[in-house]
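Can you make the complete structure from the sequences, with help from the hints?
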Amino acid sequence: MLESNMVAIFGTLGYRPKSLIPTIRSTPDVDKVVFYCGADKKDAEAVAKVADAKKAVLDYCRTMKLAVDAVELDDPFDFKSIAIKIRTDIKRHKREGKEIAVFNIAGGTRPTSSAALLTCILEGVPTVYVHDVTYEEIRLPLLRMEYNQVLSKEEREILKILLKNRSKEMTEVELARLIGKHKATVNHHLRNLIAKGAVRLENHKKDSRKKIVRVEESTELLLGDDE
Amino acid sequence: MKVLASTFGEGDHNKVLDAMRRLPYERLVLIGERGLADSSSFRRIRDFEGLSGHDVDVEAVETDDFMELVNEISAVLQKHARNPSTGERNALVLNISGGSKLLGDAALIAAFRLGIEACHCDHQMTKLPVIRGATALDRFTPAQIRFISLLGGDFIQLDDIVVQFGAPSKQAVERVMRDLRKLDLLKTEVRNGRVSVALSRAGEEVSRALGKNCSS
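Respectively, the protein sequence lines represent chains R and W.
Under our numbering, think of the first position of the first sequence as 812, with each following residue one higher.
Under our numbering, think of the first position of the second sequence as 6, with each following residue one higher.
No wet-lab data here; the hints were simulated from the structure.
Take every hint as true, because none was put in to throw you off.
Chain W stretches covered by chain R per the calculated footprint, using a threshold of three residues with CB under 8 angstroms from any CB of chain R:
#: 1; segment: 96 to 108
#: 2; segment: 112 to 118
#: 3; segment: 125 to 135
Here are the simulated lysine to aspartate or glutamate pairs, EDC-like style, with alpha carbons at most 20 angstroms apart:
#: 4; chain 1: R; residue 1: K865; chain 2: R; residue 2: D851
#: 5; chain 1: W; residue 1: K187; chain 2: R; residue 2: E910
#: 6; chain 1: R; residue 1: K829; chain 2: W; residue 2: D69
#: 7; chain 1: R; residue 1: K891; chain 2: W; residue 2: E122
#: 8; chain 1: R; residue 1: K829; chain 2: W; residue 2: D70
#: 9; chain 1: W; residue 1: K187; chain 2: R; residue 2: E934
Negatives, chain W to chain R, calculated, CB over 12 angstroms:
#: 10; residue: E64
#: 11; residue: R183
#: 12; residue: R196
Just so you know, even glycine gets a beta-carbon here, dropped at the ideal spot from N, CA and C.
See the structure below:
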């Protein structure tokens, strides 16, 4: 178990340990390495190559006396599951007061790398890429996606309630009742949320006059487990 | 007009077909490396689109330098975000699942930079949490944007910035500077007892996102 104030680096790993190890070398005072890997289980060659790369990184970390978590992804092509998994891990590290010095997104499958990048944008984690040929580290100047700045307090409240009740078919009137606000007020906020692409309206199956309010699945990725 | 843009590379026709099936569109734009139009995957998509009497727009980008690639994709997206004949805003959606890892990741950054609706289509579709229309401009106050616009990668003396800024007091400008430093957007140094300021790399990225070319 890590102590507080310890420094961790995160990374994605594919076939090439050289895409991750430069970041371990170039980051000062690293105590722990967390990396995500996985291969198509039907592809024996890919499975073997990823296993070799994983072993190389584990050996390197042990030789350097670094704590290491090798996280095996069930499906390295499932973008959404990977994004949620990585974000949960990062939030846990942050809650425990650990510093995430950098996230190397160079290795792994395309969905793994993109999911890691998305998480870095949402969580404001410094991100690096390692050049395919030169193995030079490229620091990505990302802007953190601060949803607090682009969604009002009322809009966030509505989204959280919709996420909690996503299995229910909720109309505008029911939503207004749940929030304890006037229907016209909720309607105003919903229009803004629709314009921002965070929710959509669907026709009610039994009553064509009613609309069901649906939260877009991307909102789950946007808000994370803050609800 | 509804525009579907997608990153694309050899062997990615199924990913684009997934996106075409799930997302309504009137024009298809494929973004990929130079030579994309010669690939067999592209020909399959082009022939398929031909059945509806439509062409496919091809946007070739250079894929060596990551941040340059982000800039190129941003320019492509801005170009297709408006209808050139009417000037009206297009409903543009970007799929980032095609092409190389570098291309997909650069497209993801461009989507967040510009507030372009984006998704990842590969067997299943995952919408990305981009707030439509929310760009870098929304994250900063007008004073912070003005401060950033006065800077480049080279150091400028704070006193000169105060003059150019036209603020009522030096303290007001210093407050803006402190806020931007907290966001790691500025670097400062003291030369001959005077404070000089320049944009950090992250600051340069913000400056680019705000539509200003950096000097460095």
